[in-house]
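Residue numbers (my numbering), protein chains in the order written: chain A, 1 to 362; chain B, 1 to 171.
Hints should not be assumed to be uniformly reliable.
To be verified - Covered by chain B, according to a simulated footprint, are these stretches of chain A (three or more residues, beta-carbon under 8 Å): (1) 123-135; (2) 287-297; (3) 302-310; (4) 315-328.
Quick caveat, the hints were computed from the structure, so don't treat them as lab data. Where a beta carbon is used, it is the ideal one built from N, C-alpha and C, also for glycine.
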Amino acid sequence: MSLVRRLLSGGRIREARALLAHEPSAANYAALAHEHVRLSEMAEALRVCEEGLASFPGNAELERLADRARELALGDRTRELARQLRESPRPALYRELCAILLQSRRTTRAEELAQEWFEKTGDGQAQLVRAEARLQRFFADRRREDARLALELLDAAEQLFPNDERPLRLRLSLASRAGAWREAQRVVARLLELEPGDPVLEARFRTLATLAETAPPLDQALREVERTGRLVDDEPDRALAPPSPSSIRPRLKALAAQGGVQGAIYERGSTALVQGAKGATAERSARSIREVVQKSRTAARRLGLGAASEVLLEGDFGSLLIAPAEAGSAAVWCTGEIGERHRRALRELVGGVAADDLEEGA
Amino acid sequence: MIEVLEPLGCIAGVRIAVLVSPDGVPVVVRGQRSEEARGEAQAALQGENAESLAALASGWLTALSRAVAPLSWNPPQRVVLRAARGTLVMLHAPGAVLLVVLDRGASPEDLRLPMEGAVARMQRILRAARGAAAARSERPGAPLPSAADGKGLPLVPADSSPKHSPREFPG
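Based on the sequences and whatever the hints tell you, model everything.
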């Protein structure tokens with residue numbers, strides 16, 4: 001990085017920081033992180049993303065940036081390990097590279113490498129890494145198929161390491177996060193056989209015993225996770241809503257007043273605010289948007305694309321842009337094409353919304 | 001139809017391009033300049049085989065059409081689903097759906113023109129095929145196959161005048 005370029009970029013960093021201090025929104029955190037990435041300051045970019053994610057958990061753009069920054073920060077070591085593996089493949093190198101890939105959330109590549117590791121060396125540890133990668137994929141996408149494959153890999157790992165607690169720990173995390181308490185209790189019982197008298201495990205066993213009676217079987221719990229897209233330890237929507245001094249209604253009104261905009265909608269749970277349509281039409285619109293969001297989230301997960309961040313529909317009705325987010329979804333319907341200002345407005349709506357602003361329903 | 005899809009596969013960021021024909025058979029082209037495109041085995045490992053992709057995406061498109069129907073909207077012509085690990089773009093063509101999966105970070109707007117071009121080319125091919133079929137059907141087939149081409153051409157050409165009257169038949 002040349003000194004001139006660094007000096008020129010310094011102004012942009014200051015500007016982005018000032019904007020963030022004035023309005024701490026997810027978009028402004030992302031803008032500041034972008035500036036750090038341009039300066040190749042990956043550690044700083046990652047720090048900004050993590051700070052942003054602490055305020056706006058689950059924000060897709062910040063998560064994407066954080067992943068990318070992590071990946072770039074570890075890039076040099078990754079390249080070096082890949083070179084060494086080409087020269088002399090051995091378990092220690094595979095293990096380190098897989099750990100880096102899992103840390104960077106490159107689960108597909110980690111799984112691929114673990115498979116290669118298993119084929120070349122026959123090391124049972126590779127099966128564990130494959131299972132862990134698949135499990136991470138399940139936690140990210142909530143696809144039942146991923147969980148099923150992870151369980152198969154864990155079965156294989158348990159046969160290879162019958163007295164190892166690691167496969168059991170991974171199985172326990174899957175069962176607990178899916179809400180299959182009976183399965184979780186069974187796994188804790190097996191862990192207690194390996195580590196008798198462990199007070200943490202004993203306490204957990206007692207807690208699970210109270211939950212297990214009404215818990216669904218593992219398969220049913222996984223089916224439910226795929227349907228709803230939520231794990232039992234996910235934060236509830238209201239807790240995820242970041243505090244913000246601005247309210248939704250003025251923003252929604254401003255969006256609806258833009259040229260070509262036919263309507264703007266914000267939804268959270270069963271509550272919706274609609275601008276541009278009234279009465280039964282508003283209700284119908286809100287219901288349709290909710291259905292589109294639900295179907296799109298499921299489709300994105302089942303297609304292996306991860307969490308949906310934007311849905312665009314174009315036809316003879318014009319264009320409908322929807323920004324689904326964990327805290328709520330916003331949509332804008334235009335007669336013409338969707339512009340960047342519409343996108344920005346929607347991002348601001350779903351990124352910085354106060355929970356108490358949704359008292360009025362349409 | 002492969003030649004219609006091939007240009008799409010050459011665009012940077014295109015992971016896979018699939019044309020789902022009316023008979024439900026997907027025509028597939030895998031991206032050549034995609035960062036995340038893997039071999040067949042890897043794709044199958046991820047459950048990304050073309051058949052399941054086509055089925056899931058078509059199902060989603062149908063669900064969207066059903067969702068917007070209460071608003072008296074016709075089914076959408078183009079839909080984009082942007083997600084954490086990639087983007088799905090679908091374009092409705094007459095009697096078929098063209099779908100493309102893009103890498104994370106690739107812009108679906110860059111695909112707008114190439115996809116519309118592919119649909120236009122597909123329509124041209126279908127029109128030409130229909131024209132050829134119509135030209136063939138204009139010539140009535142004979143009840144028995146002819147020696148000339150063995151495909152049921154008339155024994156007596158339609159434009160030839162009778163060389164004899166019915167009264168001149170032997171016997």
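Here is what the structure says about each hint:
1. 123-135: violated (count 0)
2. 287-297: holds (count 6)
3. 302-310: Holds: 9 residues of the stretch 302-310 of chain A have a Cβ under 8 Å from chain B.
4. 315-328: Answer holds; 4 residues pass the 8 Å Cβ test.
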